[in-house]
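Student: So you can see what is in the structure, the chains are spelled out below.
Number of protein chains: 4
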Amino acid sequence: MIEPKNYKWFIEYTSPEEGHLHGIRTILHTAQTQYQKMDIMMCGSYGRSLVLDGKIQSTETDEFIYHESLVHPAMLTHPNPKRVFIVGGGEGATLRDVLKHKTVEYCMMVDIDQEVVEKSKEYLPEWSAGAFDDPRTDLRYMDARKYLEETSDTYDVIIIDISEPVEEGPAYLLFTKEFYEIVKERLSPDGTISLQAGTTALHQLLNFTAVNKTLSSVFPVVAPYDIPIPSFGLPWGFTLASKNIDPRKWTPKEVDDMIARRISSEPRFYDGIAHLGLFNLPKHIRKAMAEQTKIIEDNSPLFTYH
Amino acid sequence: MIEPKNYKWFIEYTSPEEGHLHGIRTILHTAQTQYQKMDIMMCGSYGRSLVLDGKIQSTETDEFIYHESLVHPAMLTHPNPKRVFIVGGGEGATLRDVLKHKTVEYCMMVDIDQEVVEKSKEYLPEWSAGAFDDPRTDLRYMDARKYLEETSDTYDVIIIDISEPVEEGPAYLLFTKEFYEIVKERLSPDGTISLQAGTTALHQLLNFTAVNKTLSSVFPVVAPYDIPIPSFGLPWGFTLASKNIDPRKWTPKEVDDMIARRISSEPRFYDGIAHLGLFNLPKHIRKAMAEQTKIIEDNSPLFTYH
Amino acid sequence: MIEPKNYKWFIEYTSPEEGHLHGIRTILHTAQTQYQKMDIMMCGSYGRSLVLDGKIQSTETDEFIYHESLVHPAMLTHPNPKRVFIVGGGEGATLRDVLKHKTVEYCMMVDIDQEVVEKSKEYLPEWSAGAFDDPRTDLRYMDARKYLEETSDTYDVIIIDISEPVEEGPAYLLFTKEFYEIVKERLSPDGTISLQAGTTALHQLLNFTAVNKTLSSVFPVVAPYDIPIPSFGLPWGFTLASKNIDPRKWTPKEVDDMIARRISSEPRFYDGIAHLGLFNLPKHIRKAMAEQTKIIEDNSPLFTYH
Amino acid sequence: MIEPKNYKWFIEYTSPEEGHLHGIRTILHTAQTQYQKMDIMMCGSYGRSLVLDGKIQSTETDEFIYHESLVHPAMLTHPNPKRVFIVGGGEGATLRDVLKHKTVEYCMMVDIDQEVVEKSKEYLPEWSAGAFDDPRTDLRYMDARKYLEETSDTYDVIIIDISEPVEEGPAYLLFTKEFYEIVKERLSPDGTISLQAGTTALHQLLNFTAVNKTLSSVFPVVAPYDIPIPSFGLPWGFTLASKNIDPRKWTPKEVDDMIARRISSEPRFYDGIAHLGLFNLPKHIRKAMAEQTKIIEDNSPLFTYH
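Protein chains in written order, with our numbering: chain A, 3 to 308; chain B, 3 to 308; chain C, 3 to 308; chain D, 3 to 308.
Careful: at least some of the hints might be erroneous.
Since copy identity is lost for identical chains, a pair holds within one copy or between any two.
When the alpha-carbon atoms are kept at most 30 Å apart in a straight line, the in silico DSS-like pairs for lysine-lysine are as follows [as the list claims (entries may be wrong)]: (1) K84 / K121; (2) K186 / K104; (3) K285 / K251; (4) K39 / K289; (5) K7 / K245; (6) K251 / K7; (7) K104 / K285; (8) K57 / K104; (9) K289 / K255; (10) K148 / K255; (11) K285 / K123; (12) K251 / K123; (13) K186 / K84; (14) K289 / K102; (15) K285 / K255; (16) K104 / K289; (17) K289 / K251; (18) K7 / K296; (19) K57 / K39; (20) K285 / K102; (21) K7 / K39; (22) K84 / K104.
It should be emphasised that the hints constitute simulated quantities derived from the structure, not laboratory data.
Could you put together the complete structure from these sequences and hints?
Tutor: Given below as structure tokens:
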């Protein structure tokens, strides 16, 4: 039997009756920001970890799986992405991976919480790896939805890297049909978006399936995918939606060729074979998506646990 | 923030600094068998669950993902499996899924722990679903390695459904090169095996990669694959090895045709698309396998956590 | 370092940032009664334990400390207790210890939750030890406050054995000045009461001090005392109040003489020396009591954790 | 029901099947010293807390109960203590409370772990409150037993403030008959010692009773006492032993008079009434002590949990 060798633990509850335990080596930073509770801890299994409101956002050891999954398929789905927009992504790793795409000329990143961005730069510098100082970066602290509503600029790729709502609160307004319509308006003709969409564990599929259903009411191509993120303790879902191109038609060789041509440093998780693994979901998850009818709207939110 | 709504918890440590928490609704059965500690609990998220020595074996909610992954790819890899041998699999669900293959005429299942089999029949009847009473079943309680060493019978498919060793003890003798050589000798010409091989979480890849390396020293075709089992809290690895046929070459349509023709009731998790998802592993896992040199031998065991 | 040897745990939170962990051997009974969640578990350190709404009520190993502390000092404070009234005390151990007093001719016990009483008889028979079948016992299931308000009967000793309120809800109505006035009206001239009054841990003294302050506004003699109950994980407070006699004036010898004369079987925890230990509280607890001004009233409840 | 409001927890196991949970606000310092694992944490219920090898030593909120209990009764038992010796006590609070006694002219404190002393000064300054800089203090880092064996100096009071052994290891050599004989040799004619002696929880009385039995084989007066230390989660035992005077004979008034005359600042926990509460133990604990026959010797250690 495996026996615990630590006595300081971080517990992430993934439901009221399920959780994940991480041995704490040290706590590097704890604060209440204007928006959320923030902890940066060194965990026994995953190294330095960013935790917001008790939920692991990413860890030293496996953040590359999360961020490559979120960024690369969407970026490759656009034939020549020059202008990119990131919603959230405070650690800077989404920005880092976007900027690896050689075609990118400009990337605006909008996060509401300046303190998370600054402390991530200080304690988790490998996440951003200099991306905040890249001349192509335009970092702003404001309400992303409000900005997109008001601007007339367009983007080739928009990446939404924020926590899904688990209870009442305004966060769900970045997961509604109305928001996706705003996003679509701001996309160029071959525009693509991607987002994290919550767990694909079979007993908690509500958020993932409803987000996909909602996207399908707005975009002609919606390509859901999932991958286990070990530090999350559950398989994790993402979705890519585009106005045009469907990445599920590519062969591994086509993906590998695009990676070689367009990404400046070789991904660790993502390649043509991993691409196949990502987009070929189990039958029961596809069935649950087919059966979902709920469309999330500003006036019709979805509270995963209520 | 998600808040716990239970006060009775089962903790499964997956490493000395990591664990998974399950809210206990009730404990249906607790015993110390001749070989191990056994608990059958009703957990909040996953329903009835079999726990041996503190480790979840399978749960009501997601056992189908585990058992279909273990059984169906291997069974389809043999063109006409009539005789099947199961090592372990005390809950009876591996046997259940084997017997769904219409070609099967005989299935011997060998488990060392009679008490686990009997209590599983009593408390987890859907796992075996009558399979123990099927006239094709030959259930025996004994040492599987010793039996395979001494018999001259051959089998078309051999499925190894036992826990990987996490510490010193004789269990590792079912994960060594010598054991796989015995198994290979007992296979018919198109013979295939499959086994669960431990987590594929990136910080605990030792067992998975060493088992695959060891199998590669014995079998011409070794096809590793993985899938998240939500109740395990970590992505989980399996391996299929054969004397001849490689299932990774099949298209989804070919898999779906075989399923329709050969399996008596439609799988819930597994189909042609899920097959693609299973066998297309992330790049970093393939890299770790390519770099692994350790071959597990009777005189050279592998202790995952030592 | 001490290492845990169990993987099933009951967590009793004693505050939102503090708790007590008990290894679960088995769960004997789990139910939602009409009034509360009930668990009867076998815990590693304390044996069979009754848990209501996640809070340990009493355990096989140390219930004698709790019940002797609650019952004997109050019973001895009355010179000749014949008629006794118990509020709550579903396990039957308070009743058992009352009936050990040879002078008792009649004991009414009123508990609101019949299911707790019946399951305690079944799973925890040593707690009541036959007391429910004693001809002096009059057990009723009803609202104790309402009964006391309406009856014109009087009692020599009234023992209040119920959980202190920790949040909103009607339970606090058995801890108010108005309730204590009703109780006082039902007492005979030398009448005495006792009750459990919550922890005396220095950071959670609110309930204990306010209950004592409230009693002091009703009774001429109020004698608070405390004792650690190991399974509660915190020191525990009780209070005795009387119309007349103050037990703090007794010498150990006087207590021992009364015990020998009036109690049919020798107590395990309580004697003359233990009596001194009980009633001589630390200076900081006496100071906190002296400083408390809050009187709990029907219209002015006390929510310990709000 | 009380619900947890934290997600970072320190677990102190008090036995393999029992523990105490403390919400961690922040971790101020973590290190592996030459001798032990050290954590200084801010806990939700008890403030700053020193934890060695996973065991709480003392906390901001209730250390005064522990240190006053350990120091004052022993100091008052000597009629005129001028020279004091402290074994352990790295936080400096035992020293602080010794130096409050106006008669003290010299106090040697011997701790083996310099790092604990220095980090306590830095992070827990109220514990020592300047005592390390008092001209009467002589602080040394060495093996206390070896020093006492070799010196010919004598002391009026010797206070032993070290963790009881819970497993194999040399720590038990400060709890043996041979060690207590060395200590006795170094005492002046009215000399007194005190020490912490482990929990008095009824299921874990082995250490407390054996230490008392061992002391009784060496000293004419042995006066055990206990008090709940809330942060320890269990009632805690101490023992005072002297060559002559028995403090259990004092009245509260006599104690209060001595405190007023001899202690420079008023204690928070300890006074004449608290003194009575301390030394009047429950009957079942006195019985367990009377039945204990084990004498701990250098060649016959006691392993509480083995």
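Student: Look at each hint and say if it fits the structure.
Tutor: How the hints compare with the structure:
In this assembly of identical chains, K84 and K121 lie within 30 Å of each other by CA distance solely inside one copy; the values are 29 Å within and 54 Å between copies. When the C-alpha separation of K186 and K104 is checked against a cutoff of 30 Å, the pair qualifies only within one copy, where the shortest distance is 24 Å, while the shortest distance between copies is 50 Å. Within a single copy, K285 and K251 get their C-alpha atoms as close as 18 Å, and across copies as close as 20 Å, so both meet the 30 Å cut-off. Taking the closest pair of Cα atoms, K39 and K289 never come within 30 Å of each other, the shortest separation being 37 Å inside a single copy and 37 Å across copies.
Taking CA atoms no more than 30 Å apart as the test, K7 paired with K245 passes in neither setting, with 51 Å inside one copy and 43 Å between copies. Proximity of K251 to K7 under the C-alpha cut-off of 30 Å is found in neither arrangement, the shortest distances being 47 Å within a copy and 44 Å between copies. With identical chains, the CA atoms of K104 and K285 are at most 30 Å apart between copies only, with a shortest distance of 22 Å across copies and 36 Å within one. When the C-alpha separation of K57 and K104 is checked against a cutoff of 30 Å, the pair qualifies neither within a copy, at 33 Å, nor between copies, at 47 Å.
With identical chains, the CA atoms of K289 and K255 are at most 30 Å apart both within one copy (29 Å) and between copies (18 Å). In this assembly of identical chains, the alpha carbons of K148 and K255 never lie at most 30 Å apart, being 40 Å within a copy and 46 Å across copies at closest. In this assembly of identical chains, the alpha carbons of K285 and K123 lie at most 30 Å apart only when taken from different copies (28 Å versus 41 Å within one copy). In this homomeric assembly, K251 and K123 never come within 30 Å of each other (Cα to Cα): the closest approach is 38 Å inside a single copy and 45 Å across copies.
Taking the closest pair of Cα atoms, K186 and K84 come within 30 Å of each other only inside a single copy of the chain (17 Å); across copies the shortest separation is 55 Å, beyond that limit. Within a single copy, K289 and K102 get their C-alpha atoms only as close as 36 Å, which misses the 30 Å cut-off; across copies the closest is 22 Å, which meets it. For the homomeric pair K285 and K255, the shortest alpha-carbon distances inside one copy (25 Å) and between copies (14 Å) are both at most 30 Å. In this assembly of identical chains, the alpha carbons of K104 and K289 lie at most 30 Å apart only when taken from different copies (25 Å versus 38 Å within one copy).
Taking identical chains as interchangeable, the C-alpha atoms of K289 and K251 lie at most 30 Å apart whether they share a chain (20 Å) or sit on different chains (25 Å). Taking the shortest alpha-carbon separations for K7 and K296, only the inter-copy value of 27 Å comes in at or below 30 Å, while the best intra-copy value is 45 Å. Both within a single protomer and between protomers do K57 and K39 lie at most 30 Å apart by alpha-carbon distance, with minima of 10 Å and 28 Å respectively. Taking identical chains as interchangeable, the C-alpha atoms of K285 and K102 lie at most 30 Å apart only when they sit on different chains, with a minimum of 18 Å there against 34 Å within one chain.
In this assembly of identical chains, K7 and K39 lie within 30 Å of each other by CA distance both inside one copy and across copies; the values are 27 Å within and 12 Å between. For a Cα distance limit of 30 Å, the shortest separation of K84 from K104 inside one copy, 9 Å, qualifies, whereas the shortest one across copies, 55 Å, does not.
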